[in-house]
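Engineer: Listed in order, the protein sequences are those of chains A and B. Residue 82 in our numbering is what sits at position 82 of the first sequence, and the numbering runs on without skipping anything. Residue 122 in our numbering is what sits at position 122 of the second sequence, and the numbering runs on without skipping anything.
To be clear, the hints were calculated from the coordinates, so they are not data collected in a lab. Ideal Cβ positions, reconstructed from N, Cα and C, are used throughout, including at glycine. Wrong hints could be hidden among the right ones.
Said to hold, decoys possible - Ranges between beta-carbon positions, derived for each pair:
#1 Ala66(B) x Lys294(A): 34 to 40 Å
#2 Ser40(A) x Ser18(B): 34 to 40 Å
#3 Asn134(B) x Lys66(A): 27 to 33 Å
#4 Trp186(A) x Asn43(B): 52 to 58 Å
#5 Asp227(A) x Asp47(B): 45 to 51 Å
#6 Asp94(B) x Ser40(A): 32 to 38 Å
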Amino acid sequence: MRGLFFTAVTFLIFLAILTYVYVLVYDNIEKSKTVADTISAQRIYYTWHDVADSVNDLLNVHLSKKAEHLQINDSLPATENIEDLLDLYQEFVNQIYGDPTINIDFEDIDGNKINLSDMDPQSLFTIEPMNIVYFYPDYGKREMNINADPSNFSYIDGIEVFIKLKNVYFNCNLTHPSDPQYCEKWSPDASVSTCEGAAFNCLTLNLTFEDVNSDIFNFETHYFNVDSKSTANLDIKNVTGSYFITIQVGPLPTVLKVDLHNAMADSVIDMYLNTSDFYINLPSILNVTTPFGKKVDII
Amino acid sequence: MKAFVITIDALMAITIASIMLASILFMIPQASTSNFDKKQLFNLGNDILSVMDTSRRLSYYVGQSAGFVNEDLGFYVGLLPKTFCGNLTVKTYDGSIGPPPSFNLDKTYNNFTQNCEKKNEYIKVKRIFINYENEKYGLAEFELWLR
Chain A
1 MRGLFFTAVT FLIFLAILTY VYVLVYDNIE KSKTVADTIS AQRIYYTWHD VADSVNDLLN
61 VHLSKKAEHL QINDSLPATE NIEDLLDLYQ EFVNQIYGDP TINIDFEDID GNKINLSDMD
121 PQSLFTIEPM NIVYFYPDYG KREMNINADP SNFSYIDGIE VFIKLKNVYF NCNLTHPSDP
181 QYCEKWSPDA SVSTCEGAAF NCLTLNLTFE DVNSDIFNFE THYFNVDSKS TANLDIKNVT
241 GSYFITIQVG PLPTVLKVDL HNAMADSVID MYLNTSDFYI NLPSILNVTT PFGKKVDII
Chain B
1 MKAFVITIDA LMAITIASIM LASILFMIPQ ASTSNFDKKQ LFNLGNDILS VMDTSRRLSY
61 YVGQSAGFVN EDLGFYVGLL PKTFCGNLTV KTYDGSIGPP PSFNLDKTYN NFTQNCEKKN
121 EYIKVKRIFI NYENEKYGLA EFELWLR
C-alpha cells in the first residue's frame with residue numbers, strides 16, 4: 001500500500017512538472033510566432049519602401065512634404081537614359097536584391113506585371129486626391145509641367161519656382177523694365193494685379209531664375225488668371241548661341257509649363273496647398289509578397 | 001511470480017520516469033529560446049541601414065576611397081550595443097542593358113565588429129540604393145548576431 005502511494009506521488013510530481021514545462025513551451029511558441037509574424041511584416045514593409053524609394057532617385061527627383069508644403073527638387077534635362085535606368089533597376093531588384101522567399105513585382109492598376117519603364121512620364125508624380133500632376137512630356141526631361149483640373153485648382157494656394165541655370169547666361173536686361181530688352185515680357189499676358197477676391201482661377205506665382213554667373217532675375221508679375229494663357233520667353237545664351245526659355249502659365253489644366261530648350265538647370269518648386277491631407281503617387285503599383293503576407297500599393 | 005511482477009513494475013516505473021524526464025529536458029530549452037532577440041537585431045539593423053540610406057550616405061560612398069568607406073562603415077557598426085555584433089558590407093554594381101541585362105560587381109566595402117566570431121544564427125537585412133550621377137546600383141547588407 002505504501003509502495004502504491006509513493007508511486008502515485010512520484011507520478012503526480014512528474015506530471016505536474018511536465019504540465020508546467022508544457023505550458024511554458026506553448027506560451028513561448030505563441031510569443032515566438034507573434035514575433036516571427038512581426039518580423040515578416042516588417043520585412044515586407046522595409047522591402048516595399050526600399051524598392052519604391054529608389055525609383056525617385058532614378059528619375060533624379062526628390063519630393064518632400066511638410067504639412068501643406070510640397071517641395072520638388074529636380075534636375076533637368078535628363079543626363080542619362082532614364083528608361084534604361086528604370087529597366088536596369090527592375091532587373092537589379094530581381095537578380096541581386098530579391099531572394100526566393102520574397103517576390104517583388106511592378107504592376108499596372110489592373111494587376112498586370114509591367115516594366116518600370118512603361119510608366120507614363122506624363123502622369124508621373126500625381127498629388128492625390130486632388131489629382132495635381134508634376135510631369136514631363138518624355139523622359140528627356142527638357143520640359144516640366146504642373147497640371148490641375150479646374151475643379152481641383154483651388155487646392156493650390158501658391159507656387160514658388162527657383163531655377164538655377166547651369167550652363168547659360170541671361171541675354172536680356174535684368175534691371176530696367178522700360179527697356180525693350182527687359183527679361184520679363186509676357187505675350188499673351190493674362191496677369192492680374194491681385195488674386196484677392198478673383199472670380200476666376202487665379203495663380204500666385206513667384207518665379208526666380210539664376211544664371212551661371214549667379215545673376216538673379218525675379219519675375220515681377222505674381223498673379224495670373226489661369227483660365228487664360230500667359231507666355232514669357234526668357235532670353236539666354238551660351239557659347240554656341242542665343243535662345244530662350246519658354247514659361248507658360250494657364251490655361252487650365254496647364255498651371256505652369258517651363259520649357260528649358262535643353263538649358264541645364266536645377267529646379268526647386270515649392271507648392272503650397274490649402275490642405276496637408278495629400279500624398280504623392282507614381283503610376284505604378286509595387287507588389288511585395290512573401291509566403292506570410294504582402295504589401296501591394298501605388299509607389 | 002511475485003518477483004516477476006515486481007520486476008515488471010520497476011521496469012514500467014523506470015520507463016515512465018525516463019519518458020517524463022526526457023520530455024521535460026527536451027522542452028526546457030524550447031521554453032527558454034525566444035525570437036525577441038532576433039527582432040531586436042532585425043529592427044536595429046534595418047534602422048541603421050535606413051539612416052544610412054535616407055541621409056544619402058550609401059549613395060555618397062560611390063567614388064570614395066575604400067579606406068574612407070570602410071572606416072565610415074566601422075562607425076555604423078560601432079553604433080551596435082556591446083552585446084550585438086555585426087558585419088556591414090556595401091557593394092556597388094555597373095549595369096549593362098544588354099540584352100540580356102547584366103550587372104558587374106564594381107566595388108565591395110566592408111567592416112565588422114572586432115573579436116566577435118560570427119555565429120550560425122544571425123539576421124541579415126538589406127538596403128538597395130542608386131547613384132544617378134555615376135549610374136551605379138548598390139546593395140548594403142548588414143549581418144547581425146548576438147555576442
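Engineer: Kindly confirm whether 52 to 58 Å is satisfied by the beta carbon distance between Trp186(A) and Asn43(B).
Structural biologist: Given about 56 Å between the Cβ atoms, the range holds.
Engineer: Is the distance from the Cβ of Ser40(A) to the Cβ of Ser18(B) consistent with 34 to 40 Å?
Structural biologist: holds (39 Å)
Engineer: Just tell me: holds or violated, for the beta carbon distance of Ala66(B) and Lys294(A) against 34 to 40 Å?
Structural biologist: holds (39 Å)
Engineer: Asp94(B) and Ser40(A), beta-carbon distance inside 32 to 38 Å?
Structural biologist: holds (33 Å)
Engineer: Go ahead and decide if the range 45 to 51 Å is satisfied by the Cβ distance of Asp227(A) to Asp47(B).
Structural biologist: With Cβ atoms ~50 Å apart, the hint holds.
Engineer: Between Asn134(B) and Lys66(A), does the beta-carbon spacing fit 27 to 33 Å?
Structural biologist: With Cβ atoms ~30 Å apart, the hint holds.
Consistency with the previously given hints is maintained throughout, with no hint failing.
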